[in-house]
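Asker: As given, the protein sequences belong to chains B and R, one line each in that order.
In this text, residue positions in the first sequence follow my numbering: the first is 1, and each later residue adds one.
In this text, residue positions in the second sequence follow my numbering: the first is 1, and each later residue adds one.
Keep in mind the hints are simulated off the structure, nothing from the lab.
Any given hint could be a false lead.
Claimed, not checked - For lysine to aspartate or glutamate, the following DMTMM-like pairs were computed, each having C-alpha atoms within a straight-line distance of at most 25 angstroms:
(1) K26(B) - E55(B)
(2) K26(B) - E102(R)
(3) K70(B) - E75(R)
(4) K69(B) - E102(R)
(5) K57(R) - D40(R)
(6) K57(R) - E53(B)
(7) K56(B) - E5(B)
(8) K70(B) - E53(B)
(9) K9(R) - E75(R)
(10) K56(B) - E75(R)
(11) K70(B) - D7(B)
(12) K26(B) - D40(R)
To be verified - Sample of chain R residues with no beta-carbon within 12 angstroms of chain B, all distances over it, derived:
(13) T13
(14) G16
(15) L30
(16) Q44
(17) Q48
(18) N77
(19) L83
(20) S94
(21) G106
(22) V113
Stated by the list, open to error - Footprint (simulated), chain R over chain B, 3 or more residues, beta carbon under 8 angstroms:
(23) 41-47
(24) 92-101
Ideal Cβ placement from N, Cα and C applies to all residues, glycine included.
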Amino acid sequence: SQQGEEDPQALSIQEGENATMNCSYKTSINNLQWYRQNSGRGLVHLILIRSNEREKHSGRLRVTLDTSKKSSSLLITASRAADTASYFCATAGIIQGAQKLVFGQGTRLTINP
Amino acid sequence: DSGVTQTPKHLITATGQRVTLRCSPRSGDLSVYWYQQSLDQGLQFLIQYYNGEERAKGNILERFSAQQFPDLHSELNLSSLELGDSALYFCASSVVSGVSNEQFFGPGTRLTVL
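Generate the whole structure from the sequences, applying the supplied hints.
Answerer: Encoded structure:
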């Protein structure tokens, strides 16, 4: 089964508001990554947080990681219409003896103008 | 533009047929990953090659196979196609073999099996 479970499945907010997406996972990880996908396009890497880090920032993005709760959150501040996309968390770790990146089902974010 | 290229962009074929999807990684990247994205299964890891050798396998069917050539481009072969194989197929590349670094995704090949 998928490592990452994302919540909510869909989120619709007004431009300028903050958007928060959550990701939970089940086993030990090496790092956790967040990707964005515009409709029907390839995924774009946003940010990587290692298992020994608790928080990371990149521009308007803030990612937290709580390994004790096996969860992560992605916060997008001051949202813009261009942020409309699907957001995926991906957990990196050893699965069946090999290093693998396992993606969640994603959160579909809609920013209304 | 990630620097990863995939051809073709779209592919429409019939059940029972065989197709080949092609991927060229970013310059300097030795690892190539293949993923399948469908509405019901989400984004599924299929297989990884590193410098020409298979490194990790995911949920890849026996009807599917892949290889990475000496120039590092990779091909994913899908045979005896079924309706359920219709999906977006992505290739990604990274410098290293493990997952400690980000992966760069290509634009994908949309496969439609009729």
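Asker: Does each hint fit the structure? Answer for all of them.
Answerer: Outcome of the hint check:
no.	hint	result
1	K26(B) - E55(B)	20 angstroms, holds
2	K26(B) - E102(R)	21 angstroms, holds
3	K70(B) - E75(R)	36 angstroms, violated
4	K69(B) - E102(R)	24 angstroms, holds
5	K57(R) - D40(R)	21 angstroms, holds
6	K57(R) - E53(B)	29 angstroms, violated
7	K56(B) - E5(B)	20 angstroms, holds
8	K70(B) - E53(B)	13 angstroms, holds
9	K9(R) - E75(R)	14 angstroms, holds
10	K56(B) - E75(R)	36 angstroms, violated
11	K70(B) - D7(B)	14 angstroms, holds
12	K26(B) - D40(R)	21 angstroms, holds
13	T13	19 angstroms, holds
14	G16	26 angstroms, holds
15	L30	14 angstroms, holds
16	Q44	8 angstroms, violated
17	Q48	8 angstroms, violated
18	N77	21 angstroms, holds
19	L83	20 angstroms, holds
20	S94	9 angstroms, violated
21	G106	6 angstroms, violated
22	V113	18 angstroms, holds
23	41-47	holds (count 5)
24	92-101	holds (count 6)
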